[in-house]
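Asker: These protein sequence lines are chains A and B, in that order. Basically this note's numbering = 1-based index in the first sequence + 603. Basically this note's numbering = 1-based index in the second sequence + 603.
Derived from the structure by calculation, the hints contain no laboratory data. Just so you know, these numbers come straight off a predicted model, no measurement behind them. Incorrect hints may have been included.
Heads up, the list lumps identical chains together, so a pair's fine if it works in one copy or across two of them.
Heads up, simulated BS3-like pairs for lysine-lysine below, C-alpha to C-alpha not over 27 angstroms straight-line [what the hints assert, rightly or not]:
id: 1; residue 1: Lys846; residue 2: Lys656
id: 2; residue 1: Lys656; residue 2: Lys969
id: 3; residue 1: Lys652; residue 2: Lys873
id: 4; residue 1: Lys969; residue 2: Lys652
id: 5; residue 1: Lys969; residue 2: Lys873
Number of protein chains: 2
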Amino acid sequence: MHAQLEALQEVLLMGPGPSTVPPSIYRALAQPTIGHLDPAFISIMDNLKEQLKELMGTNNALTLPMSGTGSAGMETCFVNLVEPGDRVLILANGVFGKRMQDVATRLGAEVEVLDFAWGTPVVVEEVAARLQEHPYALVGVVHAETSTGVGNPVEAIGPLVRENGALFLVDAVTSLAGMPVPVDAWGIDALYSGTQKCLSCPPGLSPVSFSERAVNKLQAREGRVPNWYLDLTQIVNYWSGEKRSYHHTAPINMLYGLCEALALVLDEGKDAVYARHRAAHAQLAEGLQELGLTFLVEEASRLPMLNAVEIPEGVDEAALRAALLNRHRIEIGAGLGPLAGKVWRVGLMGHTARPEYVERLLTALKAEL
Amino acid sequence: MHAQLEALQEVLLMGPGPSTVPPSIYRALAQPTIGHLDPAFISIMDNLKEQLKELMGTNNALTLPMSGTGSAGMETCFVNLVEPGDRVLILANGVFGKRMQDVATRLGAEVEVLDFAWGTPVVVEEVAARLQEHPYALVGVVHAETSTGVGNPVEAIGPLVRENGALFLVDAVTSLAGMPVPVDAWGIDALYSGTQKCLSCPPGLSPVSFSERAVNKLQAREGRVPNWYLDLTQIVNYWSGEKRSYHHTAPINMLYGLCEALALVLDEGKDAVYARHRAAHAQLAEGLQELGLTFLVEEASRLPMLNAVEIPEGVDEAALRAALLNRHRIEIGAGLGPLAGKVWRVGLMGHTARPEYVERLLTALKAEL
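Next comes chain A alone, as it looks inside the complex:
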């Protein structure tokens, strides 16, 4: 094997993703590649759809992993559901809300943004007031803002969006498999996620799910989807039906990895997995307090799996991250955008959300601070 690859060593991944990958997912990735139309592979695809529906709490027939990373999932939702001139409202309080704005704008939508301060959650009352002003084609919000560590009140926003008549689009890249995201119960019409966060699979795929209302909008489009690679009107013919039609060659081994990742979560049990994330977060919070470190986000809106930790006065934040990586083989993340230099982002995602790993980070932080 190439020397650079041979030299790779395990890192405890406690940044904003990827998270630490469990051994059986590595083994899954290295299972024999078979054809993308091989009946054995079709059967894995069928199972994958059922696993995703189970994890997402949905009966949506259109539930499948797209062949790109989480950002491709975001693009998939917008490019399939938005037409030029559509009025779109984005609820933004971090990098990924702003990315939604960027994606939708490029597609010719009339995009309005309701901005909230980074580090604070979307305020439901303000959303309600805006939604009473006029109807929207689509309202988008990020469930778990990876850039700030804020959890947004998706459950409370859902009924307001439904009343407005808009489709409700939710970014669940960081939340899925780390906290409940019951798609049907919360009235979500389009959801996308990623594999490298709480699923602890390497990056490369983006599970998406579309409600019947979303599928109706897709089928009623005036123009074709302006993106061949992400066109769900065609991709569904590869992922469902009696006769599977080739669209593009599926990323076979990555799909093995996702299948194993989903099996691990569902075998452990969704509630147990969520509880493990909450416990890891509580352990981290206690340890950080002992070290005199503080969170960016108020307790009520803190995510368990993504912790924005304020950088103490006088500490060289990049040097601390380098020391953790080089001396302790632990990766934590830097701040993004306006939070660069102000916070570290500590991820407790999926396989990483375990007491022994939190302990290892706290010990290392104590040594280096």
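Let chain A serve as the given structure and place chain B on it in line with the hints.
Answerer: Here is chain B on its own, set in the frame of chain A:
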């Protein structure tokens, strides 16, 4: 590991891709995931760019793997280089030429298609005549038409396109690493490929390369690239420069696989690899002749790595493919589009292009026909 994954068995992949993956690439895929901004990963990315430039025979600074399969590479080239109203000429003689037309049309280009019969090559004189009529923004052609087994005369078309003033876009999904594709020498301005053909890596990535002329066109765009995920004006800031900026999370383990795949090809030597493909093709041709089977394509235009074999009168083509898969663990491909039911597609790509594998296929065919 999940039972479906545990049950997977090696198949000799002799279809239109994926091809059979060598053991060290599986090991590379299962190397420890590290962060997408980890200096060790940046160093692998830098090496990947150099490996790709070496394989493609180019000095193009903008040479990198996109985070999607080969079709995402096609979309990348069009969405970055074509603006609404641009006059685009596609030279089409198979599924992938027609896909270019589809992709470009969705982007609002004024698309003209010069069609050639499937199974025959693009005729240089007809291209020359068309290119004298008026200037185009871009001319696209598929080097190795995976749907028919035809090799198109890219080398002869290049100078004509340059004279016209258009950018020259080449699909090298099936040709790269199986036959020479010297990007600079042939005057190619934009090239895309895939990993699951002659590189024998699982599907999931698409290497692309843009010439300086292509980069100039990209930088001179009037509007933004209407596709966030594939926007090369942003992606280059993650793949080059002193300070790497996060765009989307790179598909880390897939990139390990590609790095190993490129190392295998370059270590063996490009010329030796191309000769191995030609030898495997010659061995197949001789064996098929003994079995009384014929090629769809005239000898002069036949690709070494993709062989369209005519289905003899009275043979149930699907039953033969199923017998090869179930009794011999060999996959060959069906015909696509108008060639469905008329040809089998036998791939001799990358690791699959070896005498022992060709022999195994010929023996199995003899037993089943």
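Asker: Against each hint, give a clear statement of whether it holds in the structure.
Answerer: Hints versus structure:
In the homo-oligomer, the alpha carbons of Lys846 and Lys656 lie at most 27 angstroms apart inside one protomer (22 angstroms), although the nearest pairing across protomers, at 40 angstroms, exceeds that limit. Taking CA atoms no more than 27 angstroms apart as the test, Lys656 paired with Lys969 passes in neither setting, with 42 angstroms inside one copy and 45 angstroms between copies. Taking the shortest Cα distances, Lys652 and Lys873 sit within 27 angstroms of each other inside one copy (17 angstroms), while across copies they are farther apart (41 angstroms). Proximity of Lys969 to Lys652 under the C-alpha cut-off of 27 angstroms is found in neither arrangement, the shortest distances being 44 angstroms within a copy and 39 angstroms between copies.
Proximity of Lys969 and Lys873 under a CA criterion of 27 angstroms is satisfied in neither setting, with 33 angstroms inside one chain copy and 52 angstroms between copies.
The structure does not agree with the numbered hints 2, 4, 5 stated previously, though it agrees with the rest.
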